[in-house]
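Student: Residues 1 to 252 in my numbering are what the sequence shown lists, from first letter to last.
These are calculated hints, taken from the structure and not from any lab test. Treat the hints with care, as some may be off.
Claimed, not checked - Computed spacing ranges between beta-carbons, pair by pair: (1) D180 with S77: 27 to 33 Å; (2) S112 with T194: 48 to 54 Å; (3) A155 with P4: 29 to 35 Å.
Glycine included, every Cβ here is placed at the ideal spot set by N, Cα and C.
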Amino acid sequence: MATPWVLLHRTVRFIDGTTSAASTAAATGGVPSPAEAMAAMKPEAAIAEPPEVSYLSMLRQTPSRNTGGIHSGEISSTDEGLAVLYTGTYRPGNGGFSGAGCYLVYDACTGSVARITRLPDHSPLSSSAINGLGRSAAILRVEELWSSESFRGMALPQITPTCPVLSALEEDVVYAALNDVEDVEDVDEFGDVTGCFPELKASYVVRLDMVRNKVLSFTKSSTDDLDWLRPSLLASELSAYVQGPKDPTGAC
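Between the sequences and the hints, there should be enough to build the whole structure, so can you do that?
Tutor: Now the structure itself:
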């Protein structure tokens, strides 16, 4: 059975895949532009049941130098089986500074990627968006959460939750990230402390019942990926289309 919705990480990594397209380009004497190289990438989705986090990656089909030094993208939004992402520093309506990169649309139903014409620099669209799902609202104080029986029973660290995401199916349920960070001293060759830097010891995603002030479940991962210091997640139905179309006739 397909996962109906997921907690999708907005960051999309570009990783090395095959080089068949590069060989074809070399044989014909042509080198793809960065936008063409990114549009030729093959999507790869890692789907997991919430509160586990799902990821979308792109496999390069040409050498990484062909993508113009761009190594990642950011998902702007999803709608059913489609995901829109910006690559590089490109953001529409960014005050006249569009940056390097382009607009890509991933179609989970067909497993394809398409390049979309960039919006004019004077477009009034904002580069940020407010995302929300759910039918009710509740306020939960952090101190009340920390002192709750469920929180203490699961031995979770007393860390302020970040990146709240409303469940797409469960009323009054919110998912949030807890990042266990330690400041580590930076010591030079003479043994002198020259400063400190954050070290991510572990990352948690908790599933919270906002009305009952209860931790329903959580996942923990040991990671040193500092992107988790500012996690960016969204609720998406993309998973239902990655694992097969909803329509029994085969149409997305």
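Student: Against each hint, give a clear statement of whether it holds in the structure.
Tutor: Here is how each hint holds up against the structure:
1. D180 with S77: 27 to 33 Å: holds (30 Å)
2. S112 with T194: 48 to 54 Å: With Cβ atoms ~50 Å apart, the hint holds.
3. A155 with P4: 29 to 35 Å: For A155 and P4 the Cβ distance comes to about 30 Å; the hint holds.
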